[in-house]
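Protein chains in written order, with my numbering: chain A, 8 to 295; chain B, 155 to 430; chain C, 59 to 341.
Hint data in this document are derived by calculation from the structure and do not stem from the laboratory.
Do not rely on the hints blindly, as some may be mistaken.
With a straight-line cut-off of 20 Å between C-alpha atoms, the simulated EDC-like cross-links for lysine to aspartate or glutamate are [as the list claims (entries may be wrong)]:
no.: 1; chain 1: B; residue 1: 237; chain 2: B; residue 2: 160
no.: 2; chain 1: A; residue 1: 184; chain 2: C; residue 2: 330
no.: 3; chain 1: C; residue 1: 233; chain 2: C; residue 2: 171
no.: 4; chain 1: C; residue 1: 233; chain 2: C; residue 2: 282
no.: 5; chain 1: A; residue 1: 290; chain 2: C; residue 2: 73
no.: 6; chain 1: C; residue 1: 233; chain 2: C; residue 2: 243
no.: 7; chain 1: C; residue 1: 259; chain 2: C; residue 2: 330
no.: 8; chain 1: C; residue 1: 233; chain 2: A; residue 2: 233
no.: 9; chain 1: A; residue 1: 290; chain 2: B; residue 2: 302
no.: 10; chain 1: C; residue 1: 233; chain 2: A; residue 2: 281
no.: 11; chain 1: A; residue 1: 184; chain 2: C; residue 2: 282
no.: 12; chain 1: C; residue 1: 259; chain 2: C; residue 2: 243
no.: 13; chain 1: B; residue 1: 237; chain 2: B; residue 2: 223
If you want a taste of the chain A side facing chain B, the calculated C-beta under 10 Å gives, among others [said to hold, decoys possible]:
no.: 14; residue: 203
no.: 15; residue: 210
no.: 16; residue: 214
no.: 17; residue: 216
no.: 18; residue: 222
Backbone N, C-alpha and C define an ideal beta-carbon position, used for all residues, glycine too.
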Amino acid sequence: MSAAPGMGAPIPRRPGGWGVLAAWGIPILLVLWSFNGVRGELAGFFTAESATQMWAYISRLWPPDRSPEFLLLVARATAETFAISVAGTAVAAAIAALLLYFAASDDVLGAGGEQESASPGRVMGRRAAYLAARAALNLMRSIPELVWAIIFVFAVGLGPFAGVLALGAHNGGVIGKLYAETLENVRRGPVEALRAGGARRSSAFLYGALPQAWPQLVAYTFYRWEVNIRAAAVLGFVGAGGLGQQMHIALSLFLESRLVTLIAAVFILVNAVDLMSGYLRRKLDAAF
Amino acid sequence: MNLAFELNGVSKRFRRAGGGWTEALQGVDLEIRPGEAVAIIGPSGAGKTTLMRLLNLSLRPDEGALRVDGTDPTSLSQSGLRKLRARTATVYQQHHLIPALRVVHNILAGRLSVWSLAGAVLSLFSPRETALAAWAAGEVGILEKLWERTDRLSGGQQQRVAIARALVQNPRHLLADEPVASVDPSLADAIVGLLRRVCAGDGKTLVVNLHDVPLALRHFGRIVGVRDGRVRFDLPVEEVDSGLLVSLYEGDEELTSDVRQWFQEIFQTGQPGLPR
Amino acid sequence: MNQAAVPPSPGASRERRILTGASLLILLGSFAYTQSNPALLLSPEALRAIGSFAAAFFPPDLNRDFLSSSLGPVIETVQLATAGVALAILVGFPMALLAAGNFHLGGALFEGDPEPSPAVRRLRAAPYWLSRLLLNFMRSIPELIWALIFVRAVGLGPLAGILALGVAYAGILGKVFAEIMESADLRPALALRAAGASRPKVILYGIIPPIFRQFLSYALYRWECAMRAAAIMGFVGAGGLGQHIEIAMRMFEHRQTATLILELALLVAAADFISSRLRRKLA
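Just chain A, with the same shape it has in the complex (with noise of 0.2 Å):
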């Protein structure tokens, strides 16, 4: 007797189940937690109370300011972003340099270290002194950047230099936390090589580690540039100068008309840094 195909045998059992189940069903829970969460708010929103008031603002927004004052105005505090954005990505590149040293004092690469003259307390010194510094890099990227910048200005005055300082201090951690990544993922061989044929550590680091990492340490710091310059922008509104600055008087003054300009010019500034970043990153990176 023929059967037809496929019949009798059992239908194997969907695999899945709960775990798929909880997969989609976490998140999905969590999100209308969410909203749920701001749901008074959210109804308002949904009045024609709230939406004539929206239509209010947004006239008050147009035409935008265009005199040429304020237009120059708005150049000046543009290149004071951009400045801001790369001397504070700049500070922030030295401070994470600054760990690289650490690291290359320290045996974190490992090499040569069975035969080191130097005393077990000095290794362990060492040692301790890279984890102190990457220790200090997580608690400095641990506080925003605006409440730096609250810091700085109190500290150094209103303007520029606490935006600066601020991008610096956040991003030392942010850009030192990914180089000491960077390094201790890079072949020992080498350093381990130099060292065996007498080089000090700090050269057998520059020539073995370094050269090895170097691409992505230049790669990551142009794009800490393109988010430092969104930064910049907003770090003004507690007085770090720049365009932030410009909106928050905007702001504070009613003068909504303003707000477009300044927002244009944010727009372009940030196009033109991420346009330059990707240049000069590509340009930048051949061999030594």
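We have chain A already, so just place chains B and C on it with the hints.
This is chains B and C only, laid out in the frame that chain A set:
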């Protein structure tokens, strides 16, 4: 005159991943005079690389005494240790070059034991002593590649860069750990010959780990056989016979086919044929 | 050692030298323009100010009442971040479909089709360019500025933050999703096309399912970033921990500020942990 390398009862062990210890070397006695040329042979895992890393002062013995040029390295300061290390150059099987750097920088890295840190930094932007690098590159036959990125070179060419780096260091002793293992077999003779020629010319001590037994027997006058962390024999090449070699390599899975072929030769003729 | 004929070094190309020089000029100019004066930072007043700040931060206020009162903002921050990213996906994903070049501009998915007239081609390309421009605009404006605008438009509170995050992150997610789709392996899609499926079906069944994991992974990463951003939005009145941090700082309650920052750090760390674990499972 001091011995170049002197090991007395040296042992070295490493912690194993799952716990416990691996005895890489046990009770090794070895004396090498300055200017000698020695080949170390033995199956993989025998401890040859560990031995080399002890000789170039990357590792410290767990037991026994080690002296380089008559000096006990443990008695030295940091800078003294560096100076002692600078006397020995090592060529590694994996080259341990820096791929992203140009060949000239990899070669000049041999001078790091002499340069200051500032000098080393400057050289990366504008290479110093290019004439020296060019000489070394010429000696190993890669002069035209001097300004290329090192990772664009073939394996054999990179091995020669590693040798050039060792030459530039101007060492008294040259160690080579399997320098031709990842190299085209047709080039192996040329490279080992190059090492011998360079060292013989300057009176440098040469110690080479080789997996290819015929190659070792062809080029070296003294053969040290190592297996399971112990020195099995240490003889002039004329006294090395098939029995010793068989017992050294017995059970080694990785024998290359030509060595296998060579062993077959022994069993047929009863004696290793050795063109020198 | 004999003198070998040294082959000439290629040297840095002219272009590279110009770029390096220009970059250095910009770098130094930036420090000058921002009146960066290290002496100002290291002056006794400045150091004293920073020192008093640092001292005032320790020890963080661990008063039970305060801790329980700060729980609300923490929860609000989590809700802000989650709802914001959810909104961003809702808005960003459809835009990404429009912004993926391989769906509109021609290429492998269009092979075998009759060659369209220039007018039709321009029409087809319009949604691509428009959505790209819009996404660019949405993500070029920092989320805090969006928050500023929305606070003025819909009032103080987390709604402004959710909208701000939604818009800004829709821009980011949209771009990344589009890029993922553009670089997807087209073979399953091409097979479906060969079998006669319409282009939307081809996209839905052939392109999206294989790269779904990549989407999810990046969305999780953004969720973690959103946690940080959500906490800051409070500074301009958009709800979350930031609002309380700003108040505490204004009232010089540094110890409370420290506690709140600590909570923020823990929150971000937790989000980082969850996000990393999940992403590792997806990878």
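Here is what the structure says about each hint:
Simply put, residue 237 of chain B and residue 160 of chain B have alpha-carbon atoms about 18 Å apart, close enough for the 20 Å limit, and the pair holds. Distance hint between residue 184 of chain A and residue 330 of chain C is fulfilled; the C-alpha atoms sit about 14 Å from each other, no more than 20 Å. Restraint check for residue 233 of chain C and residue 171 of chain C: not satisfied, since their Cα atoms lie roughly 27 Å apart, outside the 20 Å limit. A distance of roughly 18 Å separates the Cα atoms of residue 233 of chain C and residue 282 of chain C; the hinted pair therefore holds under the 20 Å criterion.
Using a Cα cut-off of 20 Å, the hinted pair residue 290 of chain A and residue 73 of chain C holds, with the two alpha carbons roughly 9 Å apart. As the CA atoms of residue 233 of chain C and residue 243 of chain C are separated by approximately 18 Å, the hinted pair is consistent with the 20 Å bound. A distance of roughly 36 Å separates the Cα atoms of residue 259 of chain C and residue 330 of chain C; the hinted pair therefore is violated under the 20 Å criterion. The hinted pair formed by residue 233 of chain C and residue 233 of chain A meets the criterion: a straight-line CA distance of about 15 Å does not exceed 20 Å.
For a cut-off of 20 Å, the pair hint linking residue 290 of chain A to residue 302 of chain B stands: about 18 Å separates their Cα positions. For the hint linking residue 233 of chain C to residue 281 of chain A, the alpha-carbon distance of about 14 Å falls within 20 Å, and the restraint holds. Straight-line distance between C-alpha atoms of residue 184 of chain A and residue 282 of chain C comes to about 17 Å, which keeps the hinted pair within the 20 Å bound. As the CA atoms of residue 259 of chain C and residue 243 of chain C are separated by approximately 16 Å, the hinted pair is consistent with the 20 Å bound.
As the CA atoms of residue 237 of chain B and residue 223 of chain B are separated by approximately 12 Å, the hinted pair is consistent with the 20 Å bound. The closest approach between the C-beta of residue 203 of chain A and any C-beta of chain B is roughly 5 Å, which is under the 10 Å cut-off, so the hint is satisfied. A distance limit of 10 Å between C-beta atoms decides the matter here; for residue 210 of chain A the minimum to chain B is near 4 Å, and the interface restraint holds. Taking 10 Å as the C-beta contact cut-off toward chain B, the hint placing residue 214 of chain A at the interface holds, the least distance being around 5 Å.
A distance limit of 10 Å between C-beta atoms decides the matter here; for residue 216 of chain A the minimum to chain B is near 9 Å, and the interface restraint holds. The beta carbon of residue 222 of chain A comes within 7 Å of a beta carbon in chain B, closer than 10 Å, and the hint placing it at the interface holds.
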